[in-house]
Structure formats: structure tokens, C-alpha cells
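Could you build the full structure based on these sequences and the hints that come with them?
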Amino acid sequence: MLGSICQYVYASFLRYWIKWLIRQATGTCELQRIMSGCKPGATRTSQTVHHLCLALFSKVLRASLEGGDENLEKCVAAIMEAKNVKHEKDPLFKEKLHTSLLQITGYTSLYSSVEDMRREVFCSENQEHEAMLLKLWDLLMPTVKLESRVTKQWGDIGFQGDDPKTDFRGMGLLGLINLVFFSQNYTEEARQVLSHANHPTLGYSYAIVGINLTEMAYSLLKSGALKPHFYNTVPGRPEVRHFHLLYCYLAFEFDKFWIAEEPESIMQFNQYREKFHDVVKTHLKDPNASLTLTKQ
Numbered sequence: 036m037l038g039s040i041c042q043y044v045y046a047s048f049l050r051y052w053i054k055w056l057i058r059q060a061t062g063t064c065e066l067q068r069i070m071s072g073c074k075p076g077a078t079r080t081s082q083t084v085h086h087l088c089l090a091l092f093s094k095v096l097r098a099s100l101e102g103g104d105e106n107l108e109k110c111v112a113a114i115m116e117a118k119n120v121k122h123e124k125d126p127l128f129k130e131k132l133h134t135s136l137l138q139i140t141g142y143t144s145l146y147s148s149v150e151d152m153r154r155e156v157f158c159s160e161n162q163e164h165e166a167m168l169l170k171l172w173d174l175l176m177p178t179v180k181l182e183s184r185v186t187k188q189w190g191d192i193g194f195q196g197d198d199p200k201t202d203f204r205g206m207g208l209l210g211l212i213n214l215v216f217f218s219q220n221y222t223e224e225a226r227q228v229l230s231h232a233n234h235p236t237l238g239y240s241y242a243i244v245g246i247n248l249t250e251m252a253y254s255l256l257k258s259g260a261l262k263p264h265f266y267n268t269v270p271g272r273p274e275v276r277h278f279h280l281l282y283c284y285l286a287f288e289f290d291k292f293w294i295a296e297e298p299e300s301i302m303q304f305n306q307y308r309e310k311f312h313d314v315v316k317t318h319l320k321d322p323n324a325s326l327t328l329t330k331q
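298 is the number that the numbering used here gives to position 263 of the sequence shown; each next residue is one higher, with no gaps.
It should be emphasised that the hints constitute simulated quantities derived from the structure, not laboratory data.
Heads up, the beta-carbon is just placed ideally off N, CA and C, and yes, glycines get one too.
Misleading hints may appear alongside valid ones.
[Claimed, not checked] Here are the simulated distance ranges between beta carbons: (1) Pro270 x Thr329: 16 to 24 Å; (2) Thr236 x Glu155: 31 to 39 Å; (3) Arg226 x Ala113: 47 to 55 Å; (4) Ala113 x Phe292: 41 to 49 Å.
[To be verified] Distance condition first, Cα-Cα at most 25 Å in a straight line; then the derived PhoX-like pairs of lysine-lysine: (5) Lys170 x Lys131; (6) Lys131 x Lys118; (7) Lys124 x Lys109; (8) Lys187 x Lys170; (9) Lys316 x Lys74; (10) Lys129 x Lys109; (11) Lys180 x Lys200; (12) Lys109 x Lys131; (13) Lys320 x Lys310; (14) Lys129 x Lys118; (15) Lys121 x Lys109; (16) Lys187 x Lys131; (17) Lys257 x Lys320; (18) Lys200 x Lys187; (19) Lys187 x Lys124; (20) Lys131 x Lys121; (21) Lys74 x Lys131; (22) Lys291 x Lys310; (23) Lys124 x Lys74; (24) Lys310 x Lys131; (25) Lys320 x Lys74; (26) Lys257 x Lys316; (27) Lys310 x Lys257; (28) Lys129 x Lys170; (29) Lys180 x Lys170; (30) Lys129 x Lys74; (31) Lys320 x Lys291.
Following this line, the structure appears as C-alpha cells:
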């Protein structure tokens, strides 16, 4: 009870006067001190969000989400005017604030784009979808010819049935796009993971697990857990490509985790999947989080 009263008094009265005294002493507002005192990335951008919401600038944040770069510039100008920040006295403030707002609004846009891909259903009558699926085979099995479109050979790269289209139901086209992106941009690593997945005792279904990891990446994005990672690794607006790169990290690291844990059977997949999920979420709690896969 006493703690709640103290918190109320601080939030309602003391915080305002403390900020006023510091401004009189330093000649800078709290947002300026965040921009100059916090290192770029998650620390600065997270503090920016917190400050703008406390300072009743949540409407400005919402407005910046609804428009493009031009609207974002207007939001930066509005904040500088309200905070009485002069460009001549603090020439770096505008650029730093603009970058933070790009990261904040970009995260929301990224989720929207990823959601659109997740909702797009794989269609065997769509030539682009079919070409993408066949490309996945060629990237992973370059020396083996696919006998037909519907064949048991798909099981060699971890699909459940003779026709992979049924395996994309949960994550839609997003699951396939991630699998192809990993195989195309990290070909050596993807083939290494596939060889581990085909291990006689420690093996698992490569494609099915990959789609499952797409769901993990999607859920982390939706919950906001990936904000520290993207704020630290993308100095601006995160794009779909950055989400695919995050998936590549998860696919490669899960394989290492699975091999190191040596599960008794694939029946324990859900148990180890959640254990790996917890490891990832712990990493993301670090303000310096950076889940990046580097080529071997």
C-alpha cells in the first residue's frame, strides 16, 4: 500500500519537478538526454517509446504509424517544437529521434507484412508458389532429380506426405518462403542442417521443423519480443528480409541445440522445442540482444 502511494506521488508530482530542475541545470529536456546518453539500438529506442508515452505523446506515435516518411518527418518536427529543442543547439537530436521512430513504426509495418505472407495459402495452381517449392528441392538436393511433383521423395527433405502443400497450412506461404530463403542465402549451412536432420538416431523432419520454427519466429514478432533484436541490428526501419534472417538464425541454432541435447526420440520434439524457445526468449531479454547468423 505504502509503495503504491509513493509511486503515485512520484508519478504525479515529484517526477515533474525533478525533470524541471534537471532541465534548468542542463538546458536539455529528458528526451534530449535519452538521445545523447543512451547508445543507439534497443536501449535508446525503448527509452524513447517509454518517454513519449509518459509525456502524453502517444498520439504522435500513433500518427507516425499511420503515414509514410513524410508524416514521420512531421512527427519529429512536432516533438521538437513541443520540447522546444532547437536544431542549432542540438544538431544530432533530429537524426537520432528520426531513427528511433523509424525503428518503432517499422516494427509494426514488419509485423503487418509478415502476417500477410502467413495468411497467403500455398496454391499448387499458382506457378510462383510451385516454382518456389521446386527451387527448395533444387537448393537442398542439387544432385537428385525429383521424379514427379507428387512423390515420396519429399520426405527426404522432411515433408510429411507425397505433396508438401498440405504441410504449409499452419504458416501459409511464410513457411515456404523462410525455407527457401535459408537454403538460398545460407546454402552450405542449410545442407548441413539437412544432413543432421537425416541422422539415423538424432534425425528430425527438416521441413516440418523449419515450418515450426517459422511459427516460433512469428509468435516472437507478434508478442514484441523481437524488438530488442531488430532495434540493435537494423539502424532504421526493419524489413521482411530481416525477419527471414532471424529465421535463418533460429533454424541453424535449433539444429545445434538438438544435436547437443541428444533427445532419445523425435517424440520428445515439443519438449525440446519449448526448451529452445525459452533459451531464445532469455537472449531477447538482454538489451544488447542480436540474434544473427554469420556464414561459416
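So, going through the hints one by one against the coordinates:
1. Here the CB-CB span from Pro270 to Thr329 is close to 18 Å, well matched to the stated 16 to 24 Å.
2. At about 37 Å, the beta-carbon gap between Thr236 and Glu155 stays in the expected band of 31 to 39 Å.
3. Restraint check, Arg226 to Ala113: a C-beta distance of roughly 52 Å satisfies the suggested window 47 to 55 Å.
4. Against the hinted window of 41 to 49 Å, the Cβ-Cβ separation of Ala113 and Phe292 comes to about 46 Å, which satisfies the hint.
5. In summary, the hint linking Lys170 to Lys131 is not supported, as the alpha carbons are separated by about 42 Å, beyond the 25 Å threshold.
6. Of the supplied pair hints, the one linking Lys131 and Lys118 holds, its CA atoms being roughly 15 Å apart against a limit of 25 Å.
7. In summary, the hint linking Lys124 to Lys109 is supported, as the alpha carbons are separated by about 20 Å, within the 25 Å threshold.
8. For the given pair, Lys187 sits about 17 Å from Lys170 by alpha-carbon distance, which is consistent with the 25 Å threshold.
9. Proximity of Lys316 to Lys74 is assessed by CA-CA distance (about 22 Å); at most 25 Å being required, the pair is judged to hold.
10. In summary, the hint linking Lys129 to Lys109 is supported, as the alpha carbons are separated by about 11 Å, within the 25 Å threshold.
11. A threshold of 25 Å between alpha carbons decides the hint, and for Lys180 with Lys200 the separation of about 19 Å falls inside it, so the pair holds.
12. The hinted pair formed by Lys109 and Lys131 meets the criterion: a straight-line CA distance of about 15 Å does not exceed 25 Å.
13. For the given pair, Lys320 sits about 16 Å from Lys310 by alpha-carbon distance, which is consistent with the 25 Å threshold.
14. Restraint check: the Cα-Cα separation between Lys129 and Lys118 comes to about 12 Å, which is no more than 25 Å; the hinted pair holds.
15. This hinted pair checks out: Lys121 and Lys109 have alpha carbons roughly 15 Å apart, not beyond 25 Å.
16. Restraint check for Lys187 and Lys131: not satisfied, since their Cα atoms lie roughly 54 Å apart, outside the 25 Å limit.
17. A threshold of 25 Å between alpha carbons decides the hint, and for Lys257 with Lys320 the separation of about 16 Å falls inside it, so the pair holds.
18. For a cut-off of 25 Å, the pair hint linking Lys200 to Lys187 stands: about 13 Å separates their Cα positions.
19. Restraint check: the Cα-Cα separation between Lys187 and Lys124 comes to about 69 Å, which exceeds 25 Å; the hinted pair is violated.
20. Of the pairs offered as hints, the one joining Lys131 and Lys121 holds, with about 14 Å between alpha carbons and a cut-off of 25 Å not exceeded.
21. In summary, the hint linking Lys74 to Lys131 is supported, as the alpha carbons are separated by about 10 Å, within the 25 Å threshold.
22. Straight-line distance between C-alpha atoms of Lys291 and Lys310 comes to about 13 Å, which keeps the hinted pair within the 25 Å bound.
23. Simply put, Lys124 and Lys74 have alpha-carbon atoms about 20 Å apart, close enough for the 25 Å limit, and the pair holds.
24. Restraint check: the Cα-Cα separation between Lys310 and Lys131 comes to about 37 Å, which exceeds 25 Å; the hinted pair is violated.
25. Taking the CA atoms of Lys320 and Lys74, the gap is near 17 Å; set against the 25 Å cutoff, the hint holds.
26. Our distance criterion of 25 Å between C-alpha atoms is met by Lys257 and Lys316, whose separation comes to about 13 Å.
27. Restraint check for Lys310 and Lys257: satisfied, since their Cα atoms lie roughly 20 Å apart, inside the 25 Å limit.
28. Taken as a hint, the Lys129 and Lys170 pair is broken in the structure, with Cα atoms around 45 Å apart against an allowance of 25 Å.
29. A C-alpha spacing of about 12 Å is found between Lys180 and Lys170, which places the hinted pair at or below 25 Å, so the restraint holds.
30. Between Lys129 and Lys74 the CA atoms are separated by roughly 15 Å; this keeps the pair inside 25 Å, and the hint holds.
31. Distance hint between Lys320 and Lys291 is fulfilled; the C-alpha atoms sit about 21 Å from each other, no more than 25 Å.
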